[in-house]
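If you read the sequences in order, they're chains A and B.
In this text, residue positions in the first sequence follow numbering that gives the first Met the number 0: the first is 0, and each later residue adds one.
In this text, residue positions in the second sequence follow numbering that gives the first Met the number 0: the first is 0, and each later residue adds one.
If you are wondering where the hints come from, they were derived from the structure by calculation, not from laboratory data.
Given the structure is predicted, the values throughout are model-derived calculations rather than measurements.
Incorrect hints may appear among the rest.
Straight-line C-alpha distance at most 35 Å; calculated DSBU-like pairs for lysine-lysine [unchecked claim]:
| # | chain 1 | residue 1 | chain 2 | residue 2 |
| --- | --- | --- | --- | --- |
| 1 | B | Lys124 | A | Lys63 |
| 2 | B | Lys288 | A | Lys63 |
| 3 | A | Lys63 | B | Lys155 |
| 4 | A | Lys63 | B | Lys115 |
| 5 | A | Lys63 | B | Lys217 |
Beta-carbon label-pair distances, calculated as ranges [what the hints assert, rightly or not]:
| # | chain 1 | residue 1 | chain 2 | residue 2 | range |
| --- | --- | --- | --- | --- | --- |
| 6 | A | Lys63 | B | Glu42 | 44 to 52 Å |
| 7 | B | Thr274 | A | Thr65 | 34 to 42 Å |
| 8 | B | Glu151 | A | Ile162 | 18 to 26 Å |
Ideal Cβ positions, reconstructed from N, Cα and C, are used throughout, including at glycine.
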Amino acid sequence: MRIVNRHPSSPMRWILGLLPFILLLLVYMAASEARLAENANDKLLPGITKMADAIQRLAFEPSKRTGEYLFWQDTASSLTRLAMGVGISALIGLIIGLGNGAVPLMRAKLSPLVVAISLIPPMAILPVLFIIFGLGELSKVVLIVIGIAPFIIRDMQARTLDIPSEQLIKAQTLSANSWQLIQRVLLPQLLPRLLDAVRLSLGSAWLFLIAAEAIAATDGLGYRIFLVRRYMSMDVILPYVFWITLLAFLIDWGLRLISKKAFPWYHSQQSQGGQS
Amino acid sequence: MKIKATALALLLLASPASFAKDNFKICWSIYVGWMPWHYGEAEGIVNKWADKYDIEIDVVQINDYVESINQYTAGAFDGCTMTNMDALTIPAAGGVDSTALIVGDFSNGNDGVVLKNGASLADIKGQQVNLVELSVSHYLLARGLSTVGLSEKDIKVVNTSDADLVAAFTTPDVTAVTTWNPLLSEITTMPNAAKVFDSSQIPGEIIDLLVVNTETLKANPAFGKALVGAWYEIMGVMSADGEAGEKARYAMGMASGTNLKGYEAQLASTKMFYTPASAVEFTTSAQLKDTMKYVAEFSFEHGLLGDGAADATFIGIETPAGVYGDASNIQFRFDPSYMQMAAEGKIKL
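Based on the sequences and whatever the hints tell you, model everything.
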């Protein structure tokens, strides 16, 4: 059989998928052991047990200074900020994107502005954001919103314009008014696409969250990483990076699940087109 | 895949060679007391001394201070500029036995606490303080608080990137900051800003050093001699009155992003040891051991000495006045012997 036609069986696929991860882990462990053999206090590549100790200390023992469980406190703060930033962005994206797509008069006014704003690199105007919004929670959420909302707006606008005009004409022949068109024809079709856009922008949202926490904060996953970076505590940094990756994966997976449950018609359309 | 993995493993295994060699790399970052390294490199003074001992010394500028220390700790450099506290908490706590080869200066007002509303340090009680957490600013604040009977529990520390501190001070919710120059002088010129405590009130505690790997230095005395020789030649030039000294200070000021006047203002709040004899006198004094005790205690209380540390004396610190901490685990040494040689005129071109 030709190799291009050979598909791995289901358990084989799992094994093949895990193989690179196991190899990476082995390479890390070998390198870490070699460095530790030379210098038992080496901070660059801490052993697995050292990282487990660090997490044990941060997650299950109250902090000596504040009495809080730092790991969970960091996770809760970061997830709150992320949820607020992404939630607000999704809402803005849906309202303005849908409005721009559906109402030509609104599009003519707002579309160029949205494009211009989406081109400003948010990190470049960070000092300005601080002065306007302060250094507190607000500026962290605002950074995420400025970072991803324009992207979602533009995507929503394009997806609205993608909807075949026949549908709109048909609804109008059935005497639908503008509001009914938006509410009954466009909105239901846009919601699964909004979830798609949110999933795609989550990576950037995390980036802006970590950047904001690195600059001024008293807690959060990004805060902790940049704090312990000051004394090169890789035993804290590496598990935190792993945890962030896991959280990001779970959020993405959760959104996909919601989308599949809530909009089965959308996913059956997609699979006909050959996408997953 | 296999080749890549092997290459990756080799890369990760790379560690400093501790045996005799003739190529060395040191790193530095922008700070008033370290600009001489830039000048020495640009004017060929470092090269001249390296040639004399038949070795090569690369002087590399790194823009991010903490990153430069991390690079040194990971083994990418044989020496690097840092403060006494960072030398203890990053390389020494990481098991890289380090020696303070050159004691260049101490901060004598270069680090300070600034309040918006308040005339004295005691007014800081209950405020949020924006600073680079776990840095010498944090140490200065802790030392300051102890002088007015307060502790860190009486305030709230907010970790803020040094790059954003000046902009942060202009926002209404920031009322107190602790930082270093040139940011400090920028902030104190703002309206309502009152400097209530600075490092001249704890003189000699925030020390700027050139730290080198102890094993490398032991195996290569020429490396130490060349660096010390070059350093005191530069010191001689920059401390000179008249045109030559001014030209050197102008070059250092421009390279650090200010001008002659700005640089000389920063020098005024820095106690430079222009002569090797003054550096030796400072290093051999009994005060240095007490200072390192404060620094070790602060570092332990903030968890900077690592998990293995049961108390502040976990890491041994060797000073000419005696060892502080565990004598069987000495990782940080003040060694005045090279500066002493320079003072006695034994290191000459």
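Now for the hints, and whether the structure bears them out:
no., hint, in the structure
1, Lys124/B - Lys63/A, "21 Å, holds"
2, Lys288/B - Lys63/A, "27 Å, holds"
3, Lys63/A - Lys155/B, "15 Å, holds"
4, Lys63/A - Lys115/B, "31 Å, holds"
5, Lys63/A - Lys217/B, "40 Å, violated"
6, Lys63/A - Glu42/B: 44 to 52 Å, "50 Å, holds"
7, Thr274/B - Thr65/A: 34 to 42 Å, "47 Å, violated"
8, Glu151/B - Ile162/A: 18 to 26 Å, "59 Å, violated"
The structure fails hints 5, 7, 8 (numbered hints given earlier, in ascending order).
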